[in-house]
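So you can see what is in the structure, the chains are spelled out below.
2 protein chains.
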Amino acid sequence: MNAIINDIEVIKTKSSKISEVDFSNLKFGNTFSDHMLVCDYKNGKWQAPKVVPYQPISLDPSAKIFHYGQSVFEGMKAYKDANENVWLFRPLDNFKRLNISSKRLAIPELPENYFMDGLKTLLQVDSNWIPKDEGSSLYIRPFVFASGNGFHASPADEYKFIIATAPSGAYFSGKVRVLIEQKYSRSANGGVGFAKAGGNYAGQFYPTQLAVEKGYQQVIWTDDNTHEYIEEAGAMNIFVRINDTLITGPTSDRILDGITRKSIIQLAESEGIPVEVRKLSVHEVVAAAKDGSLKEMFGAGTAAVISPIAGFGYKDEDYDLPELEDTYAAHLKKRITDIQTNKTDDPFGWRYEVKS
Amino acid sequence: MNAIINDIEVIKTKSSKISEVDFSNLKFGNTFSDHMLVCDYKNGKWQAPKVVPYQPISLDPSAKIFHYGQSVFEGMKAYKDANENVWLFRPLDNFKRLNISSKRLAIPELPENYFMDGLKTLLQVDSNWIPKDEGSSLYIRPFVFASGNGFHASPADEYKFIIATAPSGAYFSGKVRVLIEQKYSRSANGGVGFAKAGGNYAGQFYPTQLAVEKGYQQVIWTDDNTHEYIEEAGAMNIFVRINDTLITGPTSDRILDGITRKSIIQLAESEGIPVEVRKLSVHEVVAAAKDGSLKEMFGAGTAAVISPIAGFGYKDEDYDLPELEDTYAAHLKKRITDIQTNKTDDPFGWRYEVKS
Numbered sequence: 007m008n009a010i011i012n013d014i015e016v017i018k019t020k021s022s023k024i025s026e027v028d029f030s031n032l033k034f035g036n037t038f039s040d041h042m043l044v045c046d047y048k049n050g051k052w053q054a055p056k057v058v059p060y061q062p063i064s065l066d067p068s069a070k071i072f073h074y075g076q077s078v079f080e081g082m083k084a085y086k087d088a089n090e091n092v093w094l095f096r097p098l099d100n101f102k103r104l105n106i107s108s109k110r111l112a113i114p115e116l117p118e119n120y121f122m123d124g125l126k127t128l129l130q131v132d133s134n135w136i137p138k139d140e141g142s143s144l145y146i147r148p149f150v151f152a153s154g155n156g157f158h159a160s161p162a163d164e165y166k167f168i169i170a171t172a173p174s175g176a177y178f179s180g181k182v183r184v185l186i187e188q189k190y191s192r193s194a195n196g197g198v199g200f201a202k203a204g205g206n207y208a209g210q211f212y213p214t215q216l217a218v219e220k221g222y223q224q225v226i227w228t229d230d231n232t233h234e235y236i237e238e239a240g241a242m243n244i245f246v247r248i249n250d251t252l253i254t255g256p257t258s259d260r261i262l263d264g265i266t267r268k269s270i271i272q273l274a275e276s277e278g279i280p281v282e283v284r285k286l287s288v289h290e291v292v293a294a295a296k297d298g299s300l301k302e303m304f305g306a307g308t309a310a311v312i313s314p315i316a317g318f319g320y321k322d323e324d325y326d327l328p329e330l331e332d333t334y335a336a337h338l339k340k341r342i343t344d345i346q347t348n349k350t351d352d353p354f355g356w357r358y359e360v361k362s
Numbered sequence: 007m008n009a010i011i012n013d014i015e016v017i018k019t020k021s022s023k024i025s026e027v028d029f030s031n032l033k034f035g036n037t038f039s040d041h042m043l044v045c046d047y048k049n050g051k052w053q054a055p056k057v058v059p060y061q062p063i064s065l066d067p068s069a070k071i072f073h074y075g076q077s078v079f080e081g082m083k084a085y086k087d088a089n090e091n092v093w094l095f096r097p098l099d100n101f102k103r104l105n106i107s108s109k110r111l112a113i114p115e116l117p118e119n120y121f122m123d124g125l126k127t128l129l130q131v132d133s134n135w136i137p138k139d140e141g142s143s144l145y146i147r148p149f150v151f152a153s154g155n156g157f158h159a160s161p162a163d164e165y166k167f168i169i170a171t172a173p174s175g176a177y178f179s180g181k182v183r184v185l186i187e188q189k190y191s192r193s194a195n196g197g198v199g200f201a202k203a204g205g206n207y208a209g210q211f212y213p214t215q216l217a218v219e220k221g222y223q224q225v226i227w228t229d230d231n232t233h234e235y236i237e238e239a240g241a242m243n244i245f246v247r248i249n250d251t252l253i254t255g256p257t258s259d260r261i262l263d264g265i266t267r268k269s270i271i272q273l274a275e276s277e278g279i280p281v282e283v284r285k286l287s288v289h290e291v292v293a294a295a296k297d298g299s300l301k302e303m304f305g306a307g308t309a310a311v312i313s314p315i316a317g318f319g320y321k322d323e324d325y326d327l328p329e330l331e332d333t334y335a336a337h338l339k340k341r342i343t344d345i346q347t348n349k350t351d352d353p354f355g356w357r358y359e360v361k362s
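The listed protein sequences correspond, in order, to chains A and H.
The opening residue of the first sequence carries number 7 in the working numbering; numbering runs sequentially from there.
The opening residue of the second sequence carries number 7 in the working numbering; numbering runs sequentially from there.
Just so you know, not all the hints are guaranteed correct.
Pairs involving identical chains hold if they fit within one copy or between any two copies, as the list cannot separate such chains.
Said to hold, decoys possible - With a Cα cut of at most 20 Å, we get these calculated EDC-like pairs of lysine to aspartate or glutamate:
# : residue 1 : residue 2
1 : Lys-20    : Asp-66
2 : Lys-138   : Asp-40
3 : Lys-33    : Asp-163
4 : Lys-23    : Asp-66
5 : Lys-361   : Asp-324
6 : Lys-33    : Asp-66
7 : Lys-349   : Glu-323
If you are wondering where the hints come from, they were derived from the structure by calculation, not from laboratory data.
Because the structure is a prediction, the values reported are computed rather than measured.
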């Protein structure tokens, strides 16, 4: 069953699980494709990547991933168009960001061809796992973690880079209500908030649980010093529309440089929508909600694409957003997904075809 | 080979590795004992813990530990006295702190008897792995991590609690030089800095590497907003002696509530050493170094016990500490290790005997 594709060794599964999958009823990220890409870092370098059957990973109990949180990841999607051609969206940006994250976490950076050729090979091998239905896609999860051993609190000497994929439906269903956080924080100045580091997510779970108990689905994080400025929503960057202007906070060492975020900024500007990338205070958003100039809020990220926000809570008050007919959120989501799924032309050169 | 000890199932190894170990030449945390305690959380509850041979852990590639950093740990030590009796130091404090960390990371809290009876049983089974030499001990690593699967950024539904042990020598050898950090940060207000969360450690590795390249062994973290106040050293709390007063920062949601730290405060106070627990500015430490009133700095933690600091760097200037004959560091280290190893009486009730 072994083969060499794009110079990458491929060991195919002997028993595909694809017939067990109901592609018309996919959830998010809990059904896994037949294969994965695996690449080991040892003896001071990344070894040749391989495509192998999706299978458990065996680690020593002292592997540093269990103790010191040394892990980074990316989120991407592959789409199949009406002609069964396969498309990625700005994949090199994910590759570059993975290495930016890795550097901050003292993880060795990956060679570009290991990432890109590995990903393409994996998608070729598992191309029948890429859903065709509207709103579905193959969610792609590249991740790197410390597999080297020892209880000393220092970087590992061995790592694993893996790409696993999951045919997936929507991340959120419907609009979300969010809580503007005033006690807990996601990241520090000079910290790792800009990196897609595992530890950034675990720290959000408990405050998010508290928000869920109060009837919200997500937390909007604010700066840890004053809680006065809106940062991001953890799995999404945040956009606010006041009158006709779309506003989002600048990226920083606390905020992820989202690929959907920057694509939306570029798309909106190209259509003449006034866009402001600047610090956005909670005070300004609350004032706009009160005087009726707050028209929309939405989150933007690979998993959720664009997720409209129905309302927000702030200091025990709830604020509802108006229900508009024509929203920036719906328009920009259609524009970006049409580009992603090859339903329209691609003036920005964002699409990337994975040839079979 | 199965047995029930303290109501805990014990599956003993068929081939002990102990004869391969040079107990007179131990490093820190890279030799592992024959057994480990394993306890699984599934179906909404912690299952009965078991002692099993130390062995690899097998996890799905989507296990949340790889992606979302949901992990917490503790560090403890077991000592063997001249009569071969086995002692722990304030183990209930480690248990309580593990649950405090778990709660903040949205990990289910452990029952006390699973932790304490599990730990005692493991030490009884592997009692011949506890070193007897001065300065050596059995380092104990309890940890909990998310073993449940799925790419959705939310808490896992399954976890593993493991205790592994490693006969160990000193964590640092000799005095360390430290860099007072002015750019990077360890933790945010409202973040997870007080928890022993894996992600807190990974974020320190890169800035520490930069410090090592400049000739320092460790970083002293400052607050992320002003970098003006001394927080902790990541693996150690920090004490400063100015004239005859011992000063350490207060614990907060950014600083670990160290067990060695609080023991040192109590020991020093009991001996009439003036102790101040208050915010300590870098400015004050630099001024004291310049006028000669800065007598000592040292780190305190389970792994390093008390680690004297030879000097520090701050804004491209280096400051050396004086070489005193009688230091608080040496005196307090002897006091605490004498209590830990049953060489003296224990007025505070800190020692905990593990009966064989």
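### Query
Which of the listed hints are broken here?
5 and 7
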